[in-house]
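Q: On the provided structure of chain A, position chain B as indicated by the hints.
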Amino acid sequence: MSSPLLKIENLHAFYTVPLGGLRYGYRKVWALKGVNLDVFPGTTLGVVGGSGSGKTSLIRAILGFLRPAKGRILFRGMDISKLDRRRRMEIVKEIGYVPQEPSQSINPKMTIKDSIAEPLRPLGLSKEDIEKRIGVVMEMLDLDRSVGRMLARELSGGMLQRVAIARAIILKPRLLLLDEPTSFLDISTQAQILNILRDLKEELGLTYVLVSHDIDVVSYISDRIAVMVSGKVVEEGVAEKILREPLHPYTSILLNPEGVAREISIANSETDLCPIRSWCPLRMKKCSTEPPPAVKIDNEERTVLCWHYTT
Amino acid sequence: MVRSEELGIGYEHDEGVAWVVEDLDLEVEHGVVTCLIGESGCGKSTIGNAISGLLPPYARTYGRLVVADRVVIDGDKMNFTGVRGKVVVRIAQDPASALNPYLTIGEQLSTAIRTHFPGLSEHDVRSKALELLSDVMLGEDVYDRYPHQLSGGMKRRAAIALALAPEPEVIVADEPTSALDAYLKYAVASLLKKLQREWELTLVFITHDVSIARYICDQVVVVYAGRIVEEGASPRCLESPSHPYLELLLKALPKRFSKDRLADIPGMPPRPGMYPTGCKFHPRCPYVFERCRQEEPPIIKAGDRLVRCWRYYEQSLT
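Chains as they are written, first to last, in the numbering used here: chain A, 1 to 311; chain B, 1001 to 1318.
Stretch by stretch, here's where chain B covers chain A in the computed footprint (C-beta under 8 Å, at least three residues):
{"no.": "1", "segment": "190-202"}
{"no.": "2", "segment": "210-220"}
{"no.": "3", "segment": "243-257"}
Note that these hints are calculated values from the structure, not bench results.
Built from N, CA and C at the ideal position, the CB exists for glycine as well.
Chain B on its own, in the form it takes in the complex:
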């Protein structure tokens, strides 16, 4: 559904282009939930924006990106016509900010439906809007209400309904659960998961929250310094990590019943345009050896997953 081939994304600035994402080979099957996990500045939002066609004008690209069998990025050219906002939609961190405060929820939904399905009669538009509301577990009364008459959670669900109006195939959700209370996080995540199943959507879920990722995802993609460092077809790699970065990241999370010292990952993630040579994680890696400093490891198949680490290279040969 979403496939990238050696995709690179960078941002132009005074002294050239800072490449944020380099040589990204990502493959997301139809109808799965893929979590992009990473810390801030690792490029996960840039990947999300690229998939949803929302890169700013000063972004530069290379490689290819295919969304729903349409080549949307080819070399330095981008063409999202007919894809952006139709085939692929994005749900932002605060989806409620997508609502127009001057229009009722019903008017906003109908406008979106009329735009995307021009032939429908007014009666059908209304019934479709009501259907969308019930899909996100909102009552019919919400149709005639203004955003300020809804609670925060209801607004969030109304905005999700609005995103679903064009009947998209891919949804990119960028940190939809951050800054929410624990139980609200799960409420949002489970609603997205339910919709994803019922509508057979492909959901790209961008998060830094490992526990939410465990809860919702089918496929895990761990991003560090604009690269995939570990990829697994199940949340299992969040239980038994292979890449040293993921291993340390999981050890840095406080565990409920353990007072063991949290892992310190020395240093900080590199900034775009200032990535080190060789493996991008080598300055912080406890298992570093000479080859890591010289050469960037390829992505290697190790058991049930893909890992970008020289330690697994020997194993993969035998």
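Okay, chain A solo, but in the shape it has when bound:
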């Protein structure tokens, strides 16, 4: 097997939030509590989880918006969280990012063409080169030339999302980070975007990290799936295998939510104990005293964070 394009080792990160309740001070809220992931070139890793599970924080950490407190983020073998500014600029060119809500990621006062070209500015390319590149990406995303002169508010959500993707791929990245790229879209527009993403991956040989709360969206496009709960990856493996036979109880619930039909709680506490221990059907005594171990199964192909699979 080739070496991973992106390797995340024991990543921890926190936000500082005010204490609240008329008290002065701040406290740490851990968003990522030891995430380990490998993303191999040319594959798609789908990250699923409920709200507050740390999916977006993971993307933010890779982008450098959230500082890792512990652990490493290796892109092509280099720890990108520790690079100096200049080196970092060179490397992160190869990482593209499509944010969650397109209408908020595109400057409302710039024309679409300028928005798409913006990432090219620091490169000092000639005017013709820039024009050419814009032409190429707009064609790839099936955006009409006339769209280039419009402003963001004149476009629909689906069109804007295509603009956001065009902007993300114009630097010819190797890795594309997609944060809920379709959650604001209708079913038919979602299908268009998912098809485009699949085609682009083939055409450009891209690697994706796709974050979504919708497991069906993830399964359509992913080779591997990582399930996140409360800042940890509780199950990771080949997409098809996880979909057919989920091992972690939380994954089973994500796959068959109609079977639950009651509100379940996810403990988002500071402890390292299993976040679903209060209602887990596979609960053991150890679950409330010791943090669950990462168990490798299926010839090391799958990782499950659960005491149940230790024997």
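A: Chain B only, in chain A's frame:
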């Protein structure tokens, strides 16, 4: 329970009226769950607002709308007195925003109960409020708590209890499950379904989520460009669609074990006031033929359902 006859709803703007919903013939029986399914901008929320009497002042109407044997819309006149907030209530997308942060849940429930049942003694008001809380599976302790002391899910249930306080007959739930995690969606949907059964309510459930619709509904109404394009008395039409729009919509949904390419519905849904002539779906329809461009199809009975498509017209004659 809810019946509309050639109902049209539009919004006034500078250049006239943009008709969002046209010639709507909807019939919802007492005690069923009807799902209005459609994409954004198709008019499903407008229909929901019309039923719950919450259309804005610049809305224009024609036709008739009858809710619980009361004519609430007749031509351009609207009269929801005694119906709005009493017979029919609406649960919004984020029901928790309906709670007053300065009052305890108990105070809010009692106020609603006192307003709608003026003769009750304070003791009865309290016991009625506690009953409502237990109906939505909240404990008695919630009575004395403020909204900020409750979790998101509890707030949602408290708000549903508040909506039930006037003992309504019709509930309009507008996208109550969007922006929720998968298992919470089903938790909300199953609570609404349970209440609907126990209280024998008529529930109009507006959603764009086909899997939730399958789970909860008795009757399916698919809306496109302000019209009903397919209507069935069971979720079966979500398994075997008849109208080309519904067929493509279902093919555009990612399926768990299939990597087959998702259906592309070319183009975009038309905007209100700019609906095409003929069948409103014809510019995007793969089966389009000449008649579709000229004439709008009527709603046609095809087997166990109603479909607005010329393809079923021939069949219905024979």
